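Spelled out from the first residue to the last, the chains are:
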Amino acid sequence: DAGVTQSPTHLIKTRGQHVTLRCSPISGHKSVSWYQQVLGQGPQFIFQYYEKEERGRGNFPDRFSARQFPNYSSELNVNALLLGDSALYLCASSQPDPGQQFFGPGTRLTVL
Amino acid sequence: GQQVMQIPQYQHVQEGEDFTTYCNSSTTLSNIQWYKQRPGGHPVFLIQLVKSGEVKKQKRLTFQFGEAKKNSSLHITATQTTDVGTYFCAGPRSGYALNFGKGTSLLVTP
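From first to last, the protein sequence lines are chains A and B. Taking this note's numbering, I'd label the letters of the first sequence as residues 1 to 112. Taking this note's numbering, I'd label the letters of the second sequence as residues 1 to 110.
Excised from the complex, chain A in its bound form (with noise of 0.2 angstroms):
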């Protein structure tokens, strides 16, 4: 069975510029969370979604905003880069009991 994927590995962009990221669940798990993992920290959690809906959030701008499609992919978008918005943002997919997150390789977004 296919893991998480995640879509593009690497992006650089420039200041005030908007990226999208893409995110494909494990076949079956339909719930999706964003996390942001800056250099020398753990995954910060940014937004979880099960069934479309937006179960949580976290504290973070509201220039950071996701979405999940019918077939449970995600998006998570970001509008006006910050160079503080540089990291790594993984996507974890989970069964809908509290459990292990299976997270994909990760996003590696460089702003300059």
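What the hints contain is simulated information worked out from the structure, not anything from laboratory work.
Computed list of chain A residues with no C-beta within reach of chain B, every gap over 10 angstroms:
id: 1; residue: Ile12
id: 2; residue: Gln17
id: 3; residue: His18
id: 4; residue: Thr20
id: 5; residue: Pro70
id: 6; residue: Asn71
id: 7; residue: Ala80
id: 8; residue: Thr110
According to the in silico footprint, chain A covers these stretches of chain B (three or more CB under 8 angstroms from chain A):
id: 9; stretch: 38-48
id: 10; stretch: 86-94
id: 11; stretch: 97-106
The structure presented is a predicted model; accordingly, all values stated were derived computationally and were not measured. Ideal Cβ positions, reconstructed from N, Cα and C, are used throughout, including at glycine.
Following the hints, position chain B against chain A.
Chain B alone, transformed into the frame defined by chain A:
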């Protein structure tokens, strides 16, 4: 809100030495999970502990959940170079997402 703290931040050991990382939560946890992230990789699930005082073993790794369900530890016996990476503990937040600690980075020298 809930905070999960880990110590130490870094640990450098010689191959064959033991290693322990500790995790403390500001609130009681319903469960705690441990993940390993290799350099350049993504977090990979190791284990979930649910019961107060629970101890689980995976080969050379021993995981403990405190009696008060506010702390946990991971102990590696006789480290190997394949153990290199960052170990994170994580507690549940609302929904099915997680609050991660900052992790303990383990370096093993042959």
